[in-house]
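Peer 1: Residue numbers (our numbering), protein chains in the order written: chain A, 1 to 132; chain B, 1 to 132.
What the hints contain is simulated information worked out from the structure, not anything from laboratory work.
All C-beta atoms, glycine included, are put in the ideal place defined by N, C-alpha and C.
Hints are not guaranteed to be accurate.
Said to hold, decoys possible - Rough simulated footprint, nothing fancy, chain B against chain A, three-plus residues with beta-carbon under 8 Å:
1. 9-21
2. 24-34
3. 37-49
4. 73-80
5. 86-94
Said to hold, decoys possible - Far from chain B, some chain A residues (derived; all Cβ distances over 10 Å):
6. S57
7. R63
8. E70
9. A97
10. L123
There are 2 protein chains.
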Amino acid sequence: MYDSVGLEVLSRQECLELLGASSIGRLVFTDRALPMVHPVVFALDGESVVLRVPEGSATLVARDTIVAFEIDEIEKDLSRGWSVMAVGHVTEVDDEASLERLRALPLASRPHGRVDHYLVVELEVLTGRRIP
Amino acid sequence: MYDSVGLEVLSRQECLELLGASSIGRLVFTDRALPMVHPVVFALDGESVVLRVPEGSATLVARDTIVAFEIDEIEKDLSRGWSVMAVGHVTEVDDEASLERLRALPLASRPHGRVDHYLVVELEVLTGRRIP
Chain A
1 MYDSVGLEVL SRQECLELLG ASSIGRLVFT DRALPMVHPV VFALDGESVV LRVPEGSATL
61 VARDTIVAFE IDEIEKDLSR GWSVMAVGHV TEVDDEASLE RLRALPLASR PHGRVDHYLV
121 VELEVLTGRR IP
Chain B
1 MYDSVGLEVL SRQECLELLG ASSIGRLVFT DRALPMVHPV VFALDGESVV LRVPEGSATL
61 VARDTIVAFE IDEIEKDLSR GWSVMAVGHV TEVDDEASLE RLRALPLASR PHGRVDHYLV
121 VELEVLTGRR IP
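With the hints as extra help, turn the sequences into a complete structure.
Peer 2: What follows is the structure, given as structure tokens:
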């Protein structure tokens with residue numbers, strides 16, 4: 001299936017597979033009424049995306065809002081490429097049993113001497129495109 | 001200078017140089033009250049970003065709004081990386097003299113048999129971070 005500009009439309013399953021094979025994405029949120037986008041480290045966890053965010057990060061204003069999340073890999077000459085975009089609610093996980101499980105996910109971090117927050121983005125809308 | 005999570009803060013000049021050396025970014029906008037993010041082909045033109053968008057693209061709803069625009073290059077292990085984010089107004093260029101100039105910019109396109117639109121994002125806010 002192709003969209004209105006001739007790109008191949010990916011299935012939800014294909015989108016999940018691409019998310020499962022990636023580890024850096026971009027979180028899109030609103031900060032003081034302005035659109036914001038920050039790169040984030042993430043891991044796919046079932047049908048959610050888990051973000052590891054250090055205390056003090058501006059990304060934390062996305063808690064309890066609806067965000068977009070995006071990954072892509074596109075050649076400069078557009079000879080090949082794909083992108084996946086999700087929209088969903090963000091919640092912070094703060095109960096110790098769940099945190100223990102999330103800390104075992106492959107989530108890279110830089111040493112920063114701060115508490116890490118774990119945010120979960122539900123993949124309520126999940127769409128993807130590939131250059132055919 | 002470093003930010004609250006220990007990332008190096010880039011100057012406006014460094015952000016412009018990274019934009020000038022890149023050609024695929026992500027446009028962040030709002031569509032029916034939901035946050036959206038789409039990969040886009042772009043070229044830096046002075047202190048603006050020019051996008052080439054085919055007729056029929058969902059990106060066109062960003063016309064005459066305030067958007068965010070992002071580029072990044074980040075290693076999976078966070079050993080090195082940088083990102084640049086801009087916020088500004090989007091306008092479509094549709095006078096023939098300006099279009100002629102913009103068509104000469106290095107903006108890749110896939111053959112699609114449609115009219116191309118040229119959108120200009122003013123870089124009103126421009127920030128960047130680098131892993132030190």
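Peer 1: All hints, please: hold or fail.
Peer 2: Cross-check of the supplied hints:
{"no.": "1", "hint": "9-21", "verdict": "violated (count 0)"}
{"no.": "2", "hint": "24-34", "verdict": "holds (count 6)"}
{"no.": "3", "hint": "37-49", "verdict": "holds (count 4)"}
{"no.": "4", "hint": "73-80", "verdict": "holds (count 4)"}
{"no.": "5", "hint": "86-94", "verdict": "violated (count 1)"}
{"no.": "6", "hint": "S57", "verdict": "violated (5 Å)"}
{"no.": "7", "hint": "R63", "verdict": "holds (15 Å)"}
{"no.": "8", "hint": "E70", "verdict": "violated (4 Å)"}
{"no.": "9", "hint": "A97", "verdict": "holds (27 Å)"}
{"no.": "10", "hint": "L123", "verdict": "holds (14 Å)"}
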